[in-house]
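Use these hints to put chains B and C onto chain A, whose structure you have.
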Amino acid sequence: MTVVDTEATISYDDVLASFDPVMGLEVHVELGTNTKMFCGCATEFGAEPNTQVCPVCLGLPGALPVVNETAVESAIRIGLALNCEIAEWCRFARKNYFYPDMPKNFQTSQYDEPIAFNGFLDVELDDGTTYRVEIERAHMEEDTGKSLHVGGSTGRIHGATHSLVDYNRAGIPLIEIVTKPMLGAGERAPEVARAYVATLRDLLKALDVSDVKMEQGSMRCDVNLSLMPKGSTTLGTRTETKNVNSLRSVERAVRYEMCRHGAVLQAGGSILQETRHWHEDTGATTSGRPKSDADDYRYFPEPDLVPVAPSRETVESLRATLPEPPAQRRKRLQSDWGFSDLEMRDVLNAGLVDLIGETVDAGATPAGARKWWSGEIARRANAEGATDVASYAAERSITPAHVVELEGLVKAGRLNDSMARQAWEGVLDGEGTPTAVADARGLELVQDDGALEAAVDKVIEANADVAQKVRDGKVQAAGALIGQVMKEMKGQADAGKAREIILAKLTS
Amino acid sequence: MTTDLTRASAADLADLLSKGETSSVEVTQALLNRTDAVDGDVHAYLHVDREGALATARDIDARRQAGEQLHQLAGVPIAVKDVMATQGLPTTCGSKILEGWIPPYDATVVTRLKQAGMPILGKTNMDEFAMGSSTEHSAYGPTRNPWDLERIPGGSGGGSSAVVASFQAPLAIGTDTGGSIRQPAAVTGTVGTKPTYGGVSRYGLVALASSLDQAGPCTRTVLDAALLHEVMGGHDPLDSTSINAPVPAVVEAARRADVKGMKIGIVRELTGEGFQAGVQARFDESVQHLVDAGAEVVEVSCPSFTAALAAYYLILPSEASSNLAKFDAMRYGLRVLPEGLDDPSAEQVMAATRDAGFGDEVKRRIILGTYALSSGYYDAYYGSAQKVRRLIADDFNRAFEAADVLVSPTAPTTAFKFGDKIDDPMAMYLNDVATIPANLAGVPGMSLPSGLADEDGLPAGCQILAPAAADERLYAVGAALEQRLLASWGGPLLGRAPELSAARSTSMGA
Amino acid sequence: MASTLPTCHKGQRTVGPRQGLPRIPPRLARMAELSRDDVAHLAGLARIDLSDAELDKMVGELGVILESVATVQQSPIEGVEPMSHPMPLVNVTRPDVVRPSLGAEAALAGAPEADQQRFSVPRILDED
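Residue numbers (this note's numbering), protein chains in the order written: chain A, 1 to 508; chain B, 1 to 510; chain C, 1 to 128.
Hints in this document: simulated from the structure, not taken from any laboratory.
Just to be clear, a hint being listed does not mean it is correct.
[Stated by the list, open to error] Pairs of lysine-lysine, DSS-like flavour, derived with a Cα cap of 25 Å:
id, chain 1, residue 1, chain 2, residue 2
1, A, K180, A, K146
2, B, K363, C, K57
3, B, K263, C, K57
4, A, K497, A, K487
5, B, K363, A, K95
6, C, K57, B, K114
7, B, K260, C, K57
8, A, K331, A, K205
Same shape as in the complex, but just chain A (with noise of 0.2 Å):
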């Protein structure tokens, strides 16, 4: 009997000729609710430990649950967000196991009655194609609290002589998202399992039911996946990889599994149904716990909550509150402002889409709005640490207003572009409005254009030679022309009206 490698891993390439790989993604975002899902316990990260407890978020003898109804409207938006069908009756379960961080021992959750099912979410991947994941549920559950491992050397559970913990995070009020398998993304399976989960996270902060901070754990993903050899339709085992918490992971984690299980399985072994562990810094995983009958969770109907059976006129009522999806949005918004696609794609990796629209709305060209968000302010954001060009702005007070203000000076012809930079600057380094910059340095173009004629008078006279290929039809040669006569007047001419005198003075 051979023995099979369970950890070896084959190349992606070989994967791909012998299997189809099957994915399920598992996605549990904590909402942005004030309060938690059963209690009035203040849900702010960072606290002090234990300080944002009471008795029944902490499980005590006699506390009992009542729901919050933001939760649940919450809820009831990222399914219609999702376009599932929103449950017209449904209940919260028990699912009971022991776990030191969870207080009652049991995690209030749904089970086979979740308040939304049966939707689906369409994601756009890099060349513009569309893949369609359905979304098999979505459902309500509590968050469990945290655990410090003392003891161990590395802070990790294996070797710790006890834990502390801190019951803050318990009874956060959770969705989890729950993809159906999702089947034919081929070669592109980890691509597609990473634009779902930013997708998802673009959807909900859109919906502003959540920070989905993927990095603090408002948002974790588990990745489920299993290998169909080529031409069959039966699913293989499947594991379970839990908190893959970042876009770059879950693409990679994905891709993983995969060579792993097709080394295991083109060795002829068989995949062990289990969880798995990622690991960022190796780009592995690890072996979890093994699927037991310990995970025979003895759902049952919570007794001490009652249905939850939202009314048609409050589902609809709360899908009037939903935004414009995210994509649509996008394609809307490239449309109306001219952008290119690579333009809009820059836009967008540097956060910068409501910056710009809230500019254009303030009276801004949208060709201006980009080019003020994404230039010096974007090398500054990004040389001092800042997490977005928005957040760095608004901290200094920066606002869409002042764009509007600069783009104003250079088109009353008060600021060329290259003052208008300095003006711009001048604001970055907190001195005030485009306006105070602009006379706090002296920044004004020179107005009268007797100065400017002398001054390309004086130009041609020294370069009569290029006047000469100007004179004889090579108009483009003014360009040299114009850079000394702005070079004559200090920068503090309208380098346009500049071009106009030359080329009147040697054409006509």
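Chains B and C in isolation, oriented as in the chain A frame:
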């Protein structure tokens, strides 16, 4: 005329207090003295809060002196079953696993008692986590029946029934999951009501079976039960299953005591066979009293009641197995380290603690419930039991189309002797056969004394059941029956109970 | 703390797909029969470290009880809607408004062991 403050009803004490003929301190002290004298024998209390009770009494007396408008029951002392969280007072639920636990919060019922200004005398004994019908399953030793110290006081709330029956308190809080207020009332000759499910907040009541538990009054008279019911009841936003409606007009109904024209339904499945002859005889007399008072008697059939006990002993253990999972040695209560292990894990400490901290009956029911909910058996056991529950509720609905209230003996027998049923769980469970259907359907029920059984001279109880949210009917019928029974006995039934070893406690000349 | 979601009576019930765990057929040949191994397994699920003597005793007792409670299946329950709650309430919620917490001191007062303002628990065997 001499008024024995310990024997006075809560209504009478309220009257004396409002007239200034006694003080809350005087009443409270009299009851504490009585406890000193008799509770060594009865063991109704797990914890007596002498200082706390007297402090509340002094405060109420001072406020009354100052002319403050007080609640009707202000200054009337009360005992609370040890299953209710009381801030600063030990709450053990009769279990070793909670020994020494001091809740940092009050149950809503306790908050309401405090708001009414009622001194809390102490916490009463009970079967561990309210699992039992005799208090023999208390980890702290049983409570004894004041009628016969060799017999059980009923359970699980034997402490609350005995504390009232032995004149240590005029009022007590009980909880009833399958009869834990009514059956103890029946075997101690006292009155107890299980209100409509959701009529009294469960916040702070340490859950046995969440969909069955309901707190209610334990008293010596029907009017006292109504007065206490009114204090305890009403909507609580901290309990999702609490009914958002005013408390039914129970006090008014108890005062009117009028059954003229009411239809009284006798449940065929809850009489006759299996009921002790003396219990049945007293019940039949009670029915005749109601007829004499102007009620009409009809017979109704509730065929699904025969399956109630089986459904109950699946639903209760299932919910209990989950409710009691929180007792795991991590956050509060007992922590036991397993023997012979140097470096035990959390899992091992949990298992060792739960083995050492829970008694046999609790462990039995947790295992049973774990089984009934487990994958592969859920539909056959828990699922089927929930369907039987629906059939029982349907039976009640049909019966209440024919009758305004239903009546039956409360328990099949009078108080049995300690040890008689302790080794036979099924025999013990049969005590609750008549009380369980009300918990499954959520309807209200009351037990009041119907007299003494001829064969043993021990109290028997008559149970009244009403439709959900019609708790006032219990009090109308109960008070009417009580009036006629008192007239026929020539005084309270408890007057015939043997004197406990103590001399009569404080008396007051009037 | 009233609900703004309107209360409605249970209408046509729409539920989602049944999730995950399939209903495994009973592993025991007869219903009301539990082996010692079964009871030991259940005690493990319930986290109770039963002694051998306790296990022996419980196998017998549970057998008797199970035989009795299994009679629920003999009632006419075909097509009957299971009843999980005694009162037909729906949509009981509270507004999303912060209420005072206990405070760490009160929260930890009953802890068997505490350290660094946290509940100290023995080492945990495996990640969840």
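TODO: Verify the proposed pairing of K180 of chain A with K146 of chain A, using a straight-line Cα cut of 25 Å.
DONE: violated (30 Å)
Open item on the list: Checking one constraint from the list: CA of K263 of chain B to CA of K57 of chain C, max 25 Å. Satisfied?
Closed with: violated (49 Å)
- [ ] Starting from K363 of chain B, check that the Cα of K95 of chain A is at most 25 Å away, please.
- [x] holds (20 Å)
- [ ] Starting from K260 of chain B, check that the Cα of K57 of chain C is at most 25 Å away, please.
- [x] Since the Cα atoms of K260 of chain B and K57 of chain C sit roughly 54 Å apart, the hinted pair is violated (cutoff 25 Å).
Open item on the list: With the threshold set at 25 Å, check whether the alpha-carbon distance from K57 of chain C to K114 of chain B stays at or below it.
Closed with: Violated - the C-alpha atoms of K114 of chain B and K57 of chain C are around 45 Å apart, more than 25 Å.
Open item on the list: Against the 25 Å threshold, does the CA-CA distance of K497 of chain A and K487 of chain A hold or violate the hint?
Closed with: Roughly 14 Å separates the two Cα atoms, so the pair holds.
Open item on the list: Between the alpha carbons of K363 of chain B and K57 of chain C, is the straight-line distance 25 Å or under?
Closed with: holds (12 Å)
TODO: With a cut-off of 25 Å on the C-alpha distance, tell me whether K331 of chain A and K205 of chain A pass.
DONE: holds (18 Å)
Checked against the numbered hints given earlier, the structure breaks hints 1, 3, 6 and 7 and satisfies all the rest.
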